[in-house]
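Peer 1: Read off the chains here:
Number of protein chains: 2
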Amino acid sequence: MLPYLKRFLIGRPLKSHEASEQKLNKKKALAILSSDALSSVAYGPEQILLVLVTLGTAAFWYSIPIAVGVLILLAALILSYRQIIFAYPHGGGAYVVSKENLGKYPGLIAGGSLLVDYILTVAVSVSAGTDAITSAFPGLHSYNVLIAVIFVLLITLLNLRGVTESASVLAYPVYLFVLALFILIGVGLYRIATGQVAPELHTSIGTPVAGVSLFILLRAFSSGSSALTGVEAISNAIPNFRDPAPNNAAKTLMAMGLLLALLFSGIVYLAYYYGVSPMGEVTVLSQIAEQTFGRNFMYFFIQGTTALILILAANTGYSAFPLLAVNLAKDKFIPRMFTVRGDRLGYSNGIIILGLLSIVLIMAFKGQTEHLIPLYAVGVFIPFTLSQTGMMLKWLRERPQGWGLKFIINTIGALISFIVVIMFFLTKFSQVWPVLVFLPLIILLFYRIRKHYDAVAEQLRISASKPVVPIDGNVVILPVAGITHVVENSLNYAKSLSPHQIIAVYVPFERGDEVAFEKKWETWHPDVRLVTLYSPYRSIIHPLTKFIDTVQRKASEANYQVTVVIPQFIPKKGWHNILHNQSSLLIRAHLLYRRNVIITTVPYHLQK
Amino acid sequence: MLPYLKRFLIGRPLKSHEASEQKLNKKKALAILSSDALSSVAYGPEQILLVLVTLGTAAFWYSIPIAVGVLILLAALILSYRQIIFAYPHGGGAYVVSKENLGKYPGLIAGGSLLVDYILTVAVSVSAGTDAITSAFPGLHSYNVLIAVIFVLLITLLNLRGVTESASVLAYPVYLFVLALFILIGVGLYRIATGQVAPELHTSIGTPVAGVSLFILLRAFSSGSSALTGVEAISNAIPNFRDPAPNNAAKTLMAMGLLLALLFSGIVYLAYYYGVSPMGEVTVLSQIAEQTFGRNFMYFFIQGTTALILILAANTGYSAFPLLAVNLAKDKFIPRMFTVRGDRLGYSNGIIILGLLSIVLIMAFKGQTEHLIPLYAVGVFIPFTLSQTGMMLKWLRERPQGWGLKFIINTIGALISFIVVIMFFLTKFSQVWPVLVFLPLIILLFYRIRKHYDAVAEQLRISASKPVVPIDGNVVILPVAGITHVVENSLNYAKSLSPHQIIAVYVPFERGDEVAFEKKWETWHPDVRLVTLYSPYRSIIHPLTKFIDTVQRKASEANYQVTVVIPQFIPKKGWHNILHNQSSLLIRAHLLYRRNVIITTVPYHLQK
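Heads up: the protein sequence lines correspond to chains D and C, in order. In this text, residue positions in the first sequence follow numbering that gives the first Met the number 0: the first is 0, and each later residue adds one. In this text, residue positions in the second sequence follow numbering that gives the first Met the number 0: the first is 0, and each later residue adds one.
One chain only, chain D, in its complex shape (with noise of 0.2 Å):
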């Protein structure tokens, strides 16, 4: 039954060989592994203004060099990351840029932020989709998390399905979203160079404004950088790209790169010359698209393809995090499962573990994440600026031809990054003082696994532990709990082993019970020695633990080895288990777990 469903939804599985024909080619390695960047574009401009608001309207086209200066960082970013693809041809970004070049506390602390920051990736993108998907049928609003849980499940079900059909599946919208865009940003400017927009609309720039101070523009600044989250996705995905991958990737970078720049500045001019300012209920986009087209076709599908792409920017979460949990764990700060490829050669334990917690996190704040887009946009600008340090110092160590401009665009990346970190503290500290808390618990924890994994190795090496304890023989301990098929089964295999002793217990809760079965026991196996443990308590374990303490005991000084053979049940329906006392298991676990012994199960299958 339950394989039979999951054949049906992730499909079949795949053969490890077949490996590399789940590698994407550019056009949809573009689509998924930049949705989240081109999403930005549908805030970013929005967050600018939200600032600028505050100095009133006449400060408006203080957009314009805030812009600029967004491009340049994001003109040095890209750059930046496209060294970084060359440098590390297999991936990992941030985390393998940092760790190696700075040391293994900055790349962990680069690391653990982009980890988490992909759990909020997709927590906070699927909630804003939702959100613009609920606010045109308010009937569904009271399901908003309903909804967006639903979103996350599909969307962890595609990756499962492997990397190129949600590429297939999810190339369309990104793609029409940008053309929509386009349309949008050609017909406003047409307007606008036909005169049909009236030029009152705006203030001139230049225009002095009362109030107005570095550290404003610089908030303004940060705030409009959100739009720059998701730039460092194609770097920890490289191995998803066809061959030459690093190639592939850099190109592929690059287009990103040009499609975000063409559409952040074309929104930000036209939010300017429109003189749009920023409302609770109506995006600035969607006033932007109301006053090009009115509310017709066009309006309703820039709507409809934002709130899609919003959805789908948590995709990028998806390919991204996979990938940098099998860097992390072959380093052993995570658990090794992170590593194993499944089914259809995706790694699905961190596609699941990633849609878990987002769900965690959209039912917790009951998918009102908004406020965790400062923390999500710290969480990335924090790697950003690790990784940026990392290459400058690589460039300053390894002096190959021309790193001096290579390590110009870096130092340029680095430090504006800085600044965006340093304001998102000084104007946000409300916000994003959990990064302060949960970073250095991560990095615990990375630390702890780490060390155990090392002990581990440690205790397994054949030429470092103590050597093996020979074994001249067996006492086989077998629990008996009545005269029955199940006990003379188990019995004869115990036999069969040619131990040096057997001992059948039994472990009765009343007194009168021990003598009556001793009787019978000596009729039925007079040549196997039975011990009685009376248990006042009526628990089966304790006594039981105690008498196999003292007979290892003394099986140990004479090197034999004690084996407790255990009978189990095996029904033939699942629902028939708790018809039976699982004596078997709790007697296992415990002896397992508390005590050094063998345990050998027995299973006994029911036939009806």
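Be careful, since some hints might not be right.
Same chains, same label: a pair holds when it works inside one copy or across any pair of copies.
[Claimed, not checked] Straight-line alpha carbon distances no greater than 25 Å define the calculated BS3-like cross-link-like pairs of lysine-lysine that follow:
| id | residue 1 | residue 2 |
| --- | --- | --- |
| 1 | K545 | K25 |
| 2 | K103 | K331 |
| 3 | K22 | K250 |
| 4 | K329 | K103 |
| 5 | K427 | K25 |
| 6 | K545 | K427 |
| 7 | K331 | K607 |
| 8 | K494 | K553 |
| 9 | K607 | K450 |
| 10 | K103 | K25 |
| 11 | K103 | K22 |
| 12 | K494 | K26 |
| 13 | K250 | K329 |
| 14 | K25 | K331 |
| 15 | K329 | K572 |
| 16 | K450 | K14 |
| 17 | K25 | K553 |
| 18 | K607 | K22 |
| 19 | K5 | K250 |
| 20 | K26 | K250 |
| 21 | K450 | K103 |
Hints were generated in silico from the structure; no laboratory data involved. Note that the coordinates shown come from a computational prediction; the quantities given were computed from them, not determined experimentally.
Guided by the hints, dock chain C onto chain D, whose structure is given.
Peer 2: Below, chain C alone, put in the same frame as chain D:
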């Protein structure tokens, strides 16, 4: 940690022979076994008036003859259950009586409906009591469900500590409630006798009423009979009484009947004389108390003890449910675990299941369980009818001395109970129909469980089962994951079993690993045969299972037994478990449940 918490919450374990010290004297038994019945007087009279008010307030005088009818039914039930106590001194009540005199299915109907009924008792009474408390403190009203759940948990814990301890704690509120009502009735009657209550408030008995019909009167009667739920509890719980148990139980039953009769008739009479009319927010009992005392201390005392006894009524369920479950489990109709005594000698599984299921009910109905009351009442009167009918047949069959009177008593009880059941179905079908669904389902479940146990017993009987297959030798299969100390340890054990053959099995996911591992093995343990099973789909279980099937086929031809030796990491700390892929557990569960192989687990305790 956990064991200490358990000790703290429920106390030290008791030895089996201490059971007799856990028995109840009459005073305590009356308190905990009659709280359900006595608490019904808080709402029984109101139920009568709620039906009569549809005819107008002039019809209220009918409450007097109807109350007389209820008292007759009460007398018949009490006398009849007294006879049941002596006839079936080991308890079991309606279930045992119906089963022995009417047959298996009537017994199961009685047992099944009582079992469900005790769950309803707990849910309904705790919800009602919580309501009474939160109406006094409206700020708590939105926490109704939480408060009710906490009460259920407290009562569950108290019962896990043992029946005598819960009786000691719960006796006070019950007797305070009885005292409060006696003072109320006494003062009320005194005020009537001294003429302080205006006689114009009530219509005199015999006043003609328009629209009255036998149907409405029977309906009022059956509603009033809901005050009698709980009178059967004592007959289920005879084993909890001190010796001579039947005599003590019979005396307690008579005392309860007397108290119930006095309180019920007193309240009905005061309600009639005061001309109290049922109101939505204020209970009839509260109106009587207010008219008698005004809003002084006594009024709040009565309100408080009423709220308390409503909650404690749940305890009757806790006394009766586990004992009824023991009887059903002994007859193999419900899982055997219900017959196991806990640390404190109570049947703790029954207590815990009852608590859990009533919490589920309270949460499912969000604490609004009022409309479960008719369901609950009909669930009591079905077993009433069946047990009385059973007793009738018993007297007819056995004809002991003086059986005529006994027969008449049971006949009256059976008839009136039957009428009440019919009236519930005729007048409140929309609320009681679920009985017709869940009773057949429960009985089907009982039947399936019994069938399974019978089949198992048949298979276990040594004479009946096919003789044990002789074992001439052992083949040991040892799955290995690498060249480590763990593998060496397990291999050492496998060798000590002096088997016919040991086969190490390695499952590589990559073609390249195969040869490399074979070479390493050859230099490490050339004496042990290694089989590598390349797994293109990265599954360990499938190729392993296939291989084991092949080995088993050959082995069974030669009467050889196949044993799979599985090494299992036991980390030092619980959380470390998620750092190791739990392949051992998966392989073990899969092989044990799907195949007939013996699984030997060799623990490897990590030192750090």
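Peer 1: A separate judgement is required for each hint: does it hold in the structure or not?
Peer 2: Here is how each hint holds up against the structure:
1. K545 / K25: Answer is neither; intra-copy 66 Å and inter-copy 42 Å both fail.
2. K103 / K331: Only inside one copy: K103 and K331 sit 12 Å apart there, 63 Å across copies, limit 25 Å.
3. K22 / K250: Answer is within; shortest intra-copy Cα gap is 16 Å, inter-copy 84 Å.
4. K329 / K103: within (14 Å within a copy, 64 Å between copies)
5. K427 / K25: Result: close neither inside a copy nor across copies, 37 Å intra and 70 Å inter.
6. K545 / K427: Neither. Shortest intra-copy (61 Å) and inter-copy (60 Å) distances fail the 25 Å Cα cut-off.
7. K331 / K607: between (47 Å within a copy, 16 Å between copies)
8. K494 / K553: Intra 21 Å, inter 21 Å, cutoff 25 Å: intra and inter.
9. K607 / K450: The answer is between: 10 Å across copies meets 25 Å, while 50 Å in one copy does not.
10. K103 / K25: neither (33 Å within a copy, 73 Å between copies)
11. K103 / K22: neither (31 Å within a copy, 67 Å between copies)
12. K494 / K26: Neither: 67 Å inside a chain and 59 Å across chains, both beyond 25 Å.
13. K250 / K329: neither (28 Å within a copy, 75 Å between copies)
14. K25 / K331: neither (32 Å within a copy, 67 Å between copies)
15. K329 / K572: between (41 Å within a copy, 22 Å between copies)
16. K450 / K14: So K450 and K14 fail the 25 Å test inside a copy (34 Å) and across (46 Å) alike.
17. K25 / K553: neither (70 Å within a copy, 54 Å between copies)
18. K607 / K22: Neither way: K607 and K22 sit 50 Å apart in one copy and 41 Å across, limit 25 Å.
19. K5 / K250: neither (37 Å within a copy, 64 Å between copies)
20. K26 / K250: This pair counts as within: shortest intra-copy Cα distance 10 Å, inter-copy 88 Å.
21. K450 / K103: within (14 Å within a copy, 64 Å between copies)
Taken one by one, the earlier hints fail for this structure at numbers 1, 5, 6, 10, 11, 12, 13, 14, 16, 17, 18, 19, listed in ascending order.
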